[in-house]
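S.K.: If you read the protein sequences in the order shown, they are chains A and B.
Going by the working numbering, the residue at position 95 of the first sequence is 95; the numbering climbs one at a time, nothing skipped.
Going by the working numbering, the residue at position 79 of the second sequence is 79; the numbering climbs one at a time, nothing skipped.
Each hint should be verified, as a subset may be incorrect.
Said to hold, decoys possible - Lysine to any residue pairs mimicking SDA-like chemistry, simulated, CA-CA at most 20 Å apart:
no.: 1; chain 1: A; residue 1: 125; chain 2: B; residue 2: 14
no.: 2; chain 1: A; residue 1: 119; chain 2: B; residue 2: 21
no.: 3; chain 1: A; residue 1: 124; chain 2: B; residue 2: 21
no.: 4; chain 1: A; residue 1: 210; chain 2: B; residue 2: 16
no.: 5; chain 1: B; residue 1: 81; chain 2: A; residue 2: 206
no.: 6; chain 1: B; residue 1: 81; chain 2: A; residue 2: 204
no.: 7; chain 1: A; residue 1: 32; chain 2: A; residue 2: 145
no.: 8; chain 1: A; residue 1: 119; chain 2: A; residue 2: 130
no.: 9; chain 1: A; residue 1: 124; chain 2: B; residue 2: 16
no.: 10; chain 1: A; residue 1: 119; chain 2: B; residue 2: 25
no.: 11; chain 1: A; residue 1: 119; chain 2: B; residue 2: 99
no.: 12; chain 1: A; residue 1: 210; chain 2: B; residue 2: 39
no.: 13; chain 1: A; residue 1: 210; chain 2: B; residue 2: 25
no.: 14; chain 1: A; residue 1: 210; chain 2: B; residue 2: 34
If you're looking for bench data, these hints aren't it; they were derived computationally from the structure.
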Amino acid sequence: MPIGWEFLGQNEGVSSSAANGSEQFDEAAFDKRLVLRDSLAVAIPVGTYGAAFGAAAVGSGFSVFQSCLLSLLLFSGASQFAVVGVMGAGGSAISAIATGSLLGLRNGLYGLRMAPVLKLNGFKKILGAQITIDESTGVAINQESRGRAASQYGFWATGIGVYVFWNLFTLIGALGAQSIGDPSAWGLDAAVPAAFLGLVWPRLIDRKTKLVAILAALLAVLLIPLTPAGVPIISTALLAVYFGWRK
Amino acid sequence: MNALWIATLITSAICFLLKFVGYSLPESLLNRPIIQRINSLIPIALLSALVAVQTFGADQNIVVDHRLAGVGAAAIALRFKASFPVMMLLAAIVSALVYRI
Chain A
1 MPIGWEFLGQ NEGVSSSAAN GSEQFDEAAF DKRLVLRDSL AVAIPVGTYG
51 AAFGAAAVGS GFSVFQSCLL SLLLFSGASQ FAVVGVMGAG GSAISAIATG
101 SLLGLRNGLY GLRMAPVLKL NGFKKILGAQ ITIDESTGVA INQESRGRAA
151 SQYGFWATGI GVYVFWNLFT LIGALGAQSI GDPSAWGLDA AVPAAFLGLV
201 WPRLIDRKTK LVAILAALLA VLLIPLTPAG VPIISTALLA VYFGWRK
Chain B
1 MNALWIATLI TSAICFLLKF VGYSLPESLL NRPIIQRINS LIPIALLSAL
51 VAVQTFGADQ NIVVDHRLAG VGAAAIALRF KASFPVMMLL AAIVSALVYR
101 I
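From just these sequences and the hints, can you work out the full model?
M.R.: Set out below in structure tokens:
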């Protein structure tokens with residue numbers, strides 16, 4: 001999904017009001033309305049991008065039902081766009097699964113980060129895991145200045161909010177795209193790479209991240225004629241490992 | 001079951017397991033800087049590759065067409081801090097115009 005929080009970043013991003021209001025509240029009592037406002041300020045706009053996903057999925061050959069299942073079950077924007085992008089370009093299911101799963105890896109690290117804050121067990125752990133994404137983690141970390149209870153509340157409010165709106169708008173986008181014929185005539189085929197550009201843009205924060213982005217794009221284009229669809233994308237994960245390894 | 005169904009269901013299952021496993025691993029893993037660095041670079045590499053392939057790829061050919069105009073418009077919009085929906089709308093409009101000309 002579109003907002004590129006550095007997940008271990010201390011208190012950056014989401015909303016300036018969080019930092020401004022923090023002195024007024026102690027650990028035990030926090031103002032639910034303020035946290036809810038911050039959560040919905042993220043959840044509603046992000047959720048509406050679900051329409052872009054629904055449209056892209058149908059434009060790539062997925063049925064409306066499959067598009068909605070991806071939002072209900074997969075529920076991680078970048079992975080969802082990757083699955084429909086790879087399949088739409090004629091890639092194999094294995095390429096789509098590998099790319100989508102590699103993009104989903106970071107949610108595992110968000111879970112690692114959120115585990116001591118949320119302390120989940122049983123059914124709540126399943127629900128909490130499913131809504132562990134960029135936005136819920138970002139808001140929760142951002143609310144830590146208001147105490148652990150506020151952080152928990154921000155996590156659930158944002159995660160559930162994004163889940164509801166993202167799924168609703170996926171359906172709207174998918175139904176909309178189904179009713180317009182040729183995707184190219186409506187610019188849908190450019191909207192998908194534009195969505196990826198919007199997802200990666202906020203992550204390009206220094207020379208190294210920009211270098212990795214440019215090299216990955218070049219490598220992928222070079223591999224287009226040489227390898228089956230999907231492989232050019234997954235191969236670039238090696239660049240990430242290489243540059244991550246050597247600092 | 002066709003490839004679209006396989007991709008939909010298996011990616012969903014794996015991504016849920018990845019989320020779930022995070023809550024069960026030792027927290028000390030997070031303290032390894034190498035894991036943090038690779039974790040923040042993987043989405044950058046994959047998303048950049050997706051931008052490139054979705055812009056220039058057509059089956060196994062490299063083509064320059066209306067999509068590049070749309071993605072170029074998106075880049076300019078992002079450069080000027082446009083919001084996500086505005087950026088995508090611009091990309092679609094510019095690409096559709098070039099395609100129809």
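S.K.: Give a verdict on every hint.
M.R.: Against the structure, the hints come out as follows:
About 16 Å separates the Cα atoms of residue 125 of chain A and residue 14 of chain B, which keeps this hinted pair within 20 Å; it holds. For the given pair, residue 119 of chain A sits about 14 Å from residue 21 of chain B by alpha-carbon distance, which is consistent with the 20 Å threshold. As the CA atoms of residue 124 of chain A and residue 21 of chain B are separated by approximately 14 Å, the hinted pair is consistent with the 20 Å bound. Distance hint between residue 210 of chain A and residue 16 of chain B is unfulfilled; the C-alpha atoms sit about 30 Å from each other, more than 20 Å.
As the CA atoms of residue 81 of chain B and residue 206 of chain A are separated by approximately 17 Å, the hinted pair is consistent with the 20 Å bound. In summary, the hint linking residue 81 of chain B to residue 204 of chain A is supported, as the alpha carbons are separated by about 14 Å, within the 20 Å threshold. Annotation: proposed proximity of residue 32 of chain A to residue 145 of chain A holds, straight-line Cα distance about 14 Å (limit 20 Å). For the suggested pair residue 119 of chain A and residue 130 of chain A, the alpha carbons sit about 15 Å apart, so the restraint of at most 20 Å is met.
Taken as a hint, the residue 124 of chain A and residue 16 of chain B pair is honoured in the structure, with Cα atoms around 14 Å apart against an allowance of 20 Å. Under the criterion of a C-alpha separation no larger than 20 Å, the hint pairing residue 119 of chain A with residue 25 of chain B is consistent with the structure, at around 13 Å. Proximity of residue 119 of chain A to residue 99 of chain B is assessed by CA-CA distance (about 52 Å); at most 20 Å being required, the pair is judged violated. Pair hint residue 210 of chain A plus residue 39 of chain B holds up; C-alpha atoms about 15 Å apart against a cutoff of 20 Å.
The suggested pairing of residue 210 of chain A with residue 25 of chain B is violated, with an alpha-carbon distance near 31 Å, which exceeds 20 Å. Restraint check for residue 210 of chain A and residue 34 of chain B: the C-alpha separation of about 18 Å stays at or below 20 Å, so the hint holds.
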